[in-house]
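Colleague: Okay, here's what each chain looks like letter by letter:
Protein chains: 4
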Amino acid sequence: MSDLALCADLAGEVRLFDIDVRAAEANVAVGNALFSHPDARTSFRVRAVRSAQEALEGSDFVVLSIEPGSITMRYADLEIPRRYGILQPVGDTTGPGGILRALRAVPIYEDYAHQIMTACPRAWVINYTNPMTICTASLYAAEPGIKAFGCCHEVFGTQERLADWVGRWFKTEPPDRRFLRLDITGVNHFTFATAASWDGHDLFPRIRDMIADPAFFADRSETAARRRAEEKWFENDGLIACDFFARFGVLGAAGDRHLAEFVPWYLTSEENLHRWGVTRTPYEWRVARLSRLSRREPGAPLTPSGEEGVQQMRALLGDDSLVANVNLPNRGQAPDLPPGAVVETYARFERDEIRPLLSRPLPPLLASIVSHVAKVQQTTLEAARLGDREMAFQALIADPLVRISTDDARRMFAEMLDHAREALPRFR
Amino acid sequence: MSDLALCADLAGEVRLFDIDVRAAEANVAVGNALFSHPDARTSFRVRAVRSAQEALEGSDFVVLSIEPGSITMRYADLEIPRRYGILQPVGDTTGPGGILRALRAVPIYEDYAHQIMTACPRAWVINYTNPMTICTASLYAAEPGIKAFGCCHEVFGTQERLADWVGRWFKTEPPDRRFLRLDITGVNHFTFATAASWDGHDLFPRIRDMIADPAFFADRSETAARRRAEEKWFENDGLIACDFFARFGVLGAAGDRHLAEFVPWYLTSEENLHRWGVTRTPYEWRVARLSRLSRREPGAPLTPSGEEGVQQMRALLGDDSLVANVNLPNRGQAPDLPPGAVVETYARFERDEIRPLLSRPLPPLLASIVSHVAKVQQTTLEAARLGDREMAFQALIADPLVRISTDDARRMFAEMLDHAREALPRFR
Amino acid sequence: MSDLALCADLAGEVRLFDIDVRAAEANVAVGNALFSHPDARTSFRVRAVRSAQEALEGSDFVVLSIEPGSITMRYADLEIPRRYGILQPVGDTTGPGGILRALRAVPIYEDYAHQIMTACPRAWVINYTNPMTICTASLYAAEPGIKAFGCCHEVFGTQERLADWVGRWFKTEPPDRRFLRLDITGVNHFTFATAASWDGHDLFPRIRDMIADPAFFADRSETAARRRAEEKWFENDGLIACDFFARFGVLGAAGDRHLAEFVPWYLTSEENLHRWGVTRTPYEWRVARLSRLSRREPGAPLTPSGEEGVQQMRALLGDDSLVANVNLPNRGQAPDLPPGAVVETYARFERDEIRPLLSRPLPPLLASIVSHVAKVQQTTLEAARLGDREMAFQALIADPLVRISTDDARRMFAEMLDHAREALPRFR
Amino acid sequence: MSDLALCADLAGEVRLFDIDVRAAEANVAVGNALFSHPDARTSFRVRAVRSAQEALEGSDFVVLSIEPGSITMRYADLEIPRRYGILQPVGDTTGPGGILRALRAVPIYEDYAHQIMTACPRAWVINYTNPMTICTASLYAAEPGIKAFGCCHEVFGTQERLADWVGRWFKTEPPDRRFLRLDITGVNHFTFATAASWDGHDLFPRIRDMIADPAFFADRSETAARRRAEEKWFENDGLIACDFFARFGVLGAAGDRHLAEFVPWYLTSEENLHRWGVTRTPYEWRVARLSRLSRREPGAPLTPSGEEGVQQMRALLGDDSLVANVNLPNRGQAPDLPPGAVVETYARFERDEIRPLLSRPLPPLLASIVSHVAKVQQTTLEAARLGDREMAFQALIADPLVRISTDDARRMFAEMLDHAREALPRFR
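Chains as they are written, first to last, in our numbering: chain A, 27 to 454; chain P, 27 to 454; chain V, 27 to 454; chain C, 27 to 454.
Please keep in mind that the hints were generated in silico from the structure rather than gathered at the bench. Only a predicted model underlies this, so the values are computations on that prediction, with no experimental measurement involved. Among the clues, some could well be false.
As the list makes no split between identical chains, a pair holds if one copy fits it or if it spans any two.
[Unchecked claim] Straight-line C-alpha distance at most 20 Å; calculated EDC-like pairs for lysine to aspartate or glutamate:
no., residue 1, residue 2
1, K197, E186
2, K197, E441
3, K173, D209
Chain A with its partners taken away, still in its complex shape:
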């Protein structure tokens, strides 16, 4: 809403729907504060509505961002697997946590897909909920004609990190992240930059030099300890992103806490994770944070959010074009990843159209690793759609993080399903 507040050339109404009415109303207050801010340049209005139907009717854009099931169900996602030795710094995308969260989210998303195709079939649907890939895919599975895409800012973080390095390498001010030109491919949060340049300089040789220094990959356990003490769970140094570069020649293009969850090498123990400077966000902290309602400091300045949502809308309305990373079903834009799977690549946003740019291929072995992840996601979605417990367990056991015995896995999964059963009507 900050970005809308700063945008002079769009106009309209923001309708907020939340199953928790108080939350919607709190957000209306935030919105009103933003839209009436002295620096605001908008004529947008904001109001809370009592039903999804009311929110959707006649909309041009639908933004989906939900918590599937109660926040305390993150216990099932995170803490139960941890007891079985499976560590997940985030646990909302992949691994046991991501799978259970998907089982909860898919029925909700299917329902939204049907409502959208009834109330506003020509609207563009922007998904921000994790698991990004499965949520976006579930919209298309329920309604193939839907115009949906998924947005994630992890790639921005990679650009910002590269901007810092550019500042150091070229002894200059770090450029704006948008001047860092990448090619990316993969599935959300397990995305890779297959090329990177700035001002005509190929940055890959620079990265190669940087990481050749043995000090680069030195143990960061102390950094991790400090981060834990300061509750800076999201900070990381891109060491894992660079370890992928060392191994495969392409740069991880998501935060280390995400990248670590897709392979078994970084999460064998807390110590191992800390060695890369990465920390696990505690379940309790999550509950505490997400329980707080939105507020806005009075008098705070009005600043751009750094997200691209409003620019994407402007482009889709025909006011501009924009090249941005986006999650969409693979019609061929990632030729080495499974067709139909939701993949993350760059695309050109144009008037009422998103045209993917063809991405470069990954190195074959990494393409195989990413493709397997995509297959696990497709199986998870199918299991969620059918309410097929055996198929869901098949996905779980095939997930790269699940390296426990099948007996343990079966017990763990039963506990997880049981804990979240309120939000799993198809699995009772």
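Using the hints provided, position chains P, V and C relative to the given structure of chain A.
Modeller: Relative to the frame of chain A, chains P, V and C by itself:
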């Protein structure tokens, strides 16, 4: 050179090489006139050089535009097939004429590819010679690391025709062609618009309505007769482009004289061709025109050429980005056409990089027809590379225009090879 | 039924159903004569039934062999196209005749598919009706779980021709056709031997030598004239099969009258066809022959038919295994032909199972030609299923034999549909 | 050699070459004993030769079976990974042990491939060495024209186990394994039966019933303890094969000790492995066994080995045909596994030809797991060919058994390479 003359932000030297020194010198005179024109804003200079080597050394861009073999060899391309009942309005792209021309061009192109990779391996190579597809492919076959692409303005013509129709449909001034937004796919000169819009209006329903009127496809023999009388060989009404639309639901995106050459339906007789308002350019007219050296009317105004070459260069130099149609090896941008074949789609020109946009698929039966054309082209290229006469004949007989007996085809091909033998060292 | 009569180890009942009851009864008479022949070793019985339902109930095998629509509709298949210059020696597989015949056959086949899956879902269904590919495909399109395959003896003819050549090359008695070991691939009647051996001798070098003699491909117009005079429409010398070998290095594995219909090179005129020693079966002769009811000369000896149907049944019943050519949906047995299309390759018949052998690839350009034929067939089937006239016309115009103007093609197709309208309920 | 001794219709000479001359001579003694046995029906002779060259010259068949590097190098394969927590019951196919063994074997195999193509290019080459897939693939990588295949009897074991179950289910004598009809697909030792029948009975519903009994998967730690005590390392109960069936609906078609090595679920600890009744063969036992020279009890009866090698040879010589499981490059016989990878499926052995039967697809998620294994193998082969240590490490870290930190993996790999350095000339 007109466009360079009008471009203030590039600078450099144009080196003209021609195996006919007089032609190069005549073009230097044209260039000097353009660059010193009162309206010119350039600091470019132009000079003729005596060797390809001299032209290439240190170049940033190489523009290839040649006549492979003497102009009188078009007799073999056009007139010999005509005696066997094979009519070709153009005959430089496909059909017997396109194949023979390819056999002459490929050795020359292979030689240029090697010279370029020695003299200026980082240069971008822009091909304008027909057969566009095979010439561009031959550069990559000879030097896989080359940075080459092929340019063609036929798609512009489709945009212009659509602009006229927009003017009529919306009772407005015809917009600039660049505001007609298309998606295209195919092989050069056999390209199709799979989507078209203007100002947010989907134009396909309008085309459907327009051609539903029986008058639309009425006999244009009289128009064709007038065009022949006035020597307006290049004029056409897009009737064949629209007949493809009627048949397959996508719009032919090249001139009718090109489109007609890729299927057997329009060239069964002169009368049939004329019925669509299309004429065959006579061989004699071609010889006469191409024998004239370039000249420029003194005092003529300096106007943009309508081509995009200079804008493409600016984008590749990093001054801008540009989305343009381009001929490139298929790495996946046309997922329903053969991998590796040179295809024509849109791409984004960026600093030192061309990133294809993923194109929509063709209707399956048309995709099969286009794919077969691509296979014939790949076989022709291979035959030209190896000097394999049987393989070249295989390509010829598989070409959609060749619907004569194999005995006749063999005799015809022998005559053609014999007539052009001076330019076919590998086939003697 | 001759083969059943000679088979001691199978027993059961043959139920004959025909929409023309007299035909079924005439065939019962033939069957009774065969089963009671002094040399017969069977306990099979035969009877006519009044409904398909009665024939199917509880069957182990279903044999489909029909004439779709009245025999006089072959006029529409053959004579109407001939007036437009399209010659078809057979006209029941491909070309305008094959397409119109498919449009008539598909609804009947869909109906049978549904009846079979109700009455005898575990039965094996053997199709002998042309167009073989489309009829067999239509069973799977209507009932994906059906166990159907198509049988054709054209490959046997190729083996017999090779056996004759072996006799000549090795100065021996021509071996039994079954000792000629081939690999084949393609679509029915447009099938190719990609390898051939006898007794460990690779026969391809022998063919190469044989056809290198210029006399081999000499004009056979006189032979064709004699064949016409003697009404020997089915005789041919394999010259076209060998012309494919000369062109592509693989041997046509169907009769020349079939092979000629899939490419435009042999049917440009009657003279051209006769030059290869091939004749067109006249429409009138067909009507006369097919109007005759079956009879059997009393006292005629009981001889094997040369077909493999009974051996296939024995293998499917588990009494033996058999490697035979067969038409089945492409699950990968022909990796260079479209997935899902019905293709002809070798397969191993085992107990209740047919396992395709992986076939060698065709030369790429021929694979492209065959693939296009398969796409035309898939489009024809889809059009027949939907009753979509425009889609049927799309298939017609894309057929390699149709090299007339689109105006003429449209008129021709309208006439054909009109003539056969009784049998085309979906196209009225 | 027992089978040759019992085979009356083949004749010739067996030439034994071993880099350890005494071993070859000991085997000559064994061979002489077999060939002169009273029950022998052969005219074969056997002799030791001093060079591979002498063995190969003019051979019709080449049998390769080697230990790559000294037997004590198995220490590096097995014991070093064990210290890092990676347990391998076999360790010669996949996992760190299989990879290191491949690095040793590939140069030897490349050398043999070249020698074979010089000395006996038309010979059939039968590989028995593990890692089967990579060794067989390395022959094709070095000499694409070689006629090589890999043989493994693990599938026989699956047939025998099924025969036992058939005996129990149908209250009959267990049938000969050859009457168990399977379809199989996968990579060697990670192969799956996608169908199984006996005498027309589909066995999959029987398996489903059998394993539905909770007792079936009960803890077998005591059995494992007994097996360890009795040194019965190769015994197992097929529990893991059936656990795959429970998970994916297809039956593991190799011994449990092999199957367990391709996924992380069974080797998390010794206890976990024992729970399935499976034991790890100790390194010391291997050294002791393989150090013994071959001998043969005087007076022992002459019995068939149960292997199919001699039958395969007879079929390839044209005396018979045979359907057998075989390891060959994937030309399409396993359409859901990577093209070109060596896969195990059934094939028909005919005169001088092996024609793969098309295999049924695996369930998608399992196909993804197997495909990834194939990619790791392809990367290992490439690394071995190039002597590229980083690429070899890339393969190691991507192996499903390697679930340790990258730091540990790097140390472990350095130790392994160092221990086996004598046999790794390209990695020094």
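Colleague: What label fits K173 with D209 when the C-alpha limit is 20 Å: within, between, both, or neither?
Modeller: between (24 Å within a copy, 18 Å between copies)
Colleague: 20 Å Cα cut-off: does K197 pair with E186 within a copy, between copies, both or neither?
Modeller: Within. Shortest intra-copy distance 16 Å satisfies the 20 Å Cα cut-off; inter-copy 49 Å does not.
Colleague: Check K197 against E441 for me: Cα-Cα at most 20 Å, and say if that holds within a copy, between copies, both or neither.
Modeller: neither (54 Å within a copy, 41 Å between copies)
Violated hints amount to a single one, hint 2; each of the other numbered hints is respected by the structure.
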